[in-house]
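Trainee: Chain by chain, the residues run as shown.
2 protein chains.
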Amino acid sequence: MTDNANGMSSKDYYFDSYAHFGIHEEMLKDEVRTNSYRLSIIQNKHLFKDKIVLDVGCGTGILSMFAAKAGAKHVYGIDMSNIIGQAKTIVKDNGLSDQITLIQGKMEDVELPVDKVDIIISEWMGYFLLYESMLDTVLVARDKYLAPGGLIFPDKATIYITAIEDAEYREEKIGFWDNVYGFNYSSLKALALKEPLVDTVDVNSVVTEPVALIDFDLYTVKKEDLTFDRPFELQARRNDFIHGFLAWFDIGFTCCHKPIYFTTGPHAKYTHWKQTVFYTPSTIALEQGAKIAGHLSCAPTVANPRDLDITIGYEYFDVHSQQTSKEEVTYRMN
Amino acid sequence: MTDNANGMSSKDYYFDSYAHFGIHEEMLKDEVRTNSYRLSIIQNKHLFKDKIVLDVGCGTGILSMFAAKAGAKHVYGIDMSNIIGQAKTIVKDNGLSDQITLIQGKMEDVELPVDKVDIIISEWMGYFLLYESMLDTVLVARDKYLAPGGLIFPDKATIYITAIEDAEYREEKIGFWDNVYGFNYSSLKALALKEPLVDTVDVNSVVTEPVALIDFDLYTVKKEDLTFDRPFELQARRNDFIHGFLAWFDIGFTCCHKPIYFTTGPHAKYTHWKQTVFYTPSTIALEQGAKIAGHLSCAPTVANPRDLDITIGYEYFDVHSQQTSKEEVTYRMN
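Heads up: the sequence lines are chains X and P, in that order. Its first residue numbered 4, the first sequence is counted upward by one per residue in my numbering. Its first residue numbered 4, the second sequence is counted upward by one per residue in my numbering.
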């Protein structure tokens, strides 16, 4: 924001502050997401009454306001982004300024006026749960501020994996480069393959029984646990071809009177997280009951810790060649 | 790109170079766009044979390769982006490296090995034609390099405007903020209104006869012409309500043997430019044959010349109050 001779700074501020607003609109309109938080907070006034609450990455302040309405004594909302300016106006317009304090800054640097908080609420999840996620920031907040016996909303996260038939879209995303208006663009195929695709997948594309790859317990998980390598085994529900792996996550608020869960999987209602597709270099022919044994490792990239390197290695018995085949691909989310 | 102890620099390069590739994929898959260029070049070999061609903002090199196939003596493709590395591989894979020279850099700074070129080809158009467009770069190239009598592909661009009925989506985009899970977010309404919306609009939403707002002739237009203020008059085709103005553009390649045009309007096939909606603060009730008189001004913003300030002022006779109403809104595309 540059002040200028036309006195446009405040107008510029308004414009700029809306520029990156689309993501907040998308998140608020994601009813699976927002209603899960709303219910887990509003239905559990017995947990929030007279409590000190910390909202990590508060955005427009919606979770802070849910907590205030649920009877919290005071809510501290922290966000690095300029959105905090809008959040302050919104909180004021809803008459909650006395109950909610909003602070712009990094969680790591901010000094709260209290030593400990009773509850941490945060919507920190990214694509594939961990891509550009704020989980590490939530862990910083937990270790610094959460009182012994304090609560975290949500407190459970699980990544699932399965294998899918996706011939048509794979052709559109990967095969397309073989012939681009008569030209050979195949040098881009390898790049396209290594880019996980965030998209919604039809549940009928799912060929193998989904399995939980990894669980995170927000009370105990450490930053180093976010770098992991986990085995999986997928069994085919039917004879079909496999063109890629599919991952998604479930989220749980288990300290609620009635635990609340939501899923971002292909079997449930749309969320803005969609699912994540990892195309395989080869098409795999699987017979009903046959298995793919594999592992998935995930780590922040060296160059940019907000990016993820995800390696999927797997082996399967190829029914046509009657041989065991092995492949491994490193994908990058960036 | 940081070299590191793991020797990952070339791998990192590959990954990074795909990261922003989505826009190139989207543009290539826009068949209205790419086929218009393809036909205007490939069908006009008589214009390209043995000519020196400059491709401004060449991206993956598709237009350069069309020109080479059309018989150009040599093509120079210029692009600021790292995509030029991929473009070089693609051009090589298609056996056109001798005919096409690709140079990474700003048009303003690059020194071509020739004094003049016979033809400039460029796909420079942005949303609302001018948002984040490269037209000013094309004009630099024209003034510096185009030989007298040289050709420009495309050479015509026209912005159209009309008024639309769009109650449902306006409610979703603007009205939404009145009640967000029971909270008053109305402070965001004014911001949401001032943000033009790039989206596809059903042709049945169009209430008034579209009119051409401004024409650009690529041979004569100057940079200062891209800041303009133009009047318009829109006449209602039917009794209906107006919730916003709608703009789009047409593009022409008029030096072709048979001139080629394409439109990005709501009456034609989808393009990735879609259309641009400017919601009005009030809903306007128009009777068939009634007119809205207005003007639209457009200028790069002071703070960031890649952004646009677009002001639309208009007046109309309100059939219910039997009075003339006037409104003016400044929108910002950023």
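To be clear, the hints were calculated from the coordinates, so they are not data collected in a lab. Heads up, a few of these hints could be off.
For identical chains, the list gives no copy identity; a pair is met inside one copy or between any two copies.
Here are the computed lysine-lysine pairs in the DSS-like style, where the Cα-Cα straight-line distance is at most 27 angstroms [said to hold, decoys possible]:
hint : residue 1 : residue 2
1    : LYS329    : LYS197
2    : LYS91     : LYS277
3    : LYS76     : LYS197
4    : LYS95     : LYS329
5    : LYS277    : LYS176
6    : LYS192    : LYS119
7    : LYS329    : LYS109
8    : LYS226    : LYS48
9    : LYS329    : LYS91
10   : LYS119    : LYS272
11   : LYS225    : LYS192
Trainee: With reference to the structure, classify each hint as holding or not holding.
Mentor: We went through each hint and held it up to the structure:
For a Cα distance limit of 27 angstroms, the shortest separation of LYS329 from LYS197 inside one copy, 17 angstroms, qualifies, whereas the shortest one across copies, 55 angstroms, does not. Taking identical chains as interchangeable, the C-alpha atoms of LYS91 and LYS277 are never at most 27 angstroms apart, the minima being 30 angstroms within one chain and 35 angstroms between chains. In the homo-oligomer, the alpha carbons of LYS76 and LYS197 never lie at most 27 angstroms apart, since the shortest distance is 48 angstroms inside one protomer and 37 angstroms across protomers. In this assembly of identical chains, LYS95 and LYS329 lie within 27 angstroms of each other by CA distance neither inside one copy nor across copies; the values are 59 angstroms within and 32 angstroms between.
With identical chains, the CA atoms of LYS277 and LYS176 are at most 27 angstroms apart both within one copy (17 angstroms) and between copies (21 angstroms). In this homomeric assembly, LYS192 and LYS119 never come within 27 angstroms of each other (Cα to Cα): the closest approach is 52 angstroms inside a single copy and 36 angstroms across copies. Taking identical chains as interchangeable, the C-alpha atoms of LYS329 and LYS109 are never at most 27 angstroms apart, the minima being 44 angstroms within one chain and 46 angstroms between chains. In this assembly of identical chains, the alpha carbons of LYS226 and LYS48 never lie at most 27 angstroms apart, being 31 angstroms within a copy and 61 angstroms across copies at closest.
In this assembly of identical chains, the alpha carbons of LYS329 and LYS91 never lie at most 27 angstroms apart, being 55 angstroms within a copy and 33 angstroms across copies at closest. In this assembly of identical chains, LYS119 and LYS272 lie within 27 angstroms of each other by CA distance neither inside one copy nor across copies; the values are 37 angstroms within and 59 angstroms between. For the homomeric pair LYS225 and LYS192, neither the shortest alpha-carbon distance inside one copy (37 angstroms) nor that between copies (41 angstroms) is at most 27 angstroms.
Hints 2, 3, 4, 6, 7, 8, 9, 10, 11 from the earlier list are contradicted by this structure; the remaining hints agree with it.
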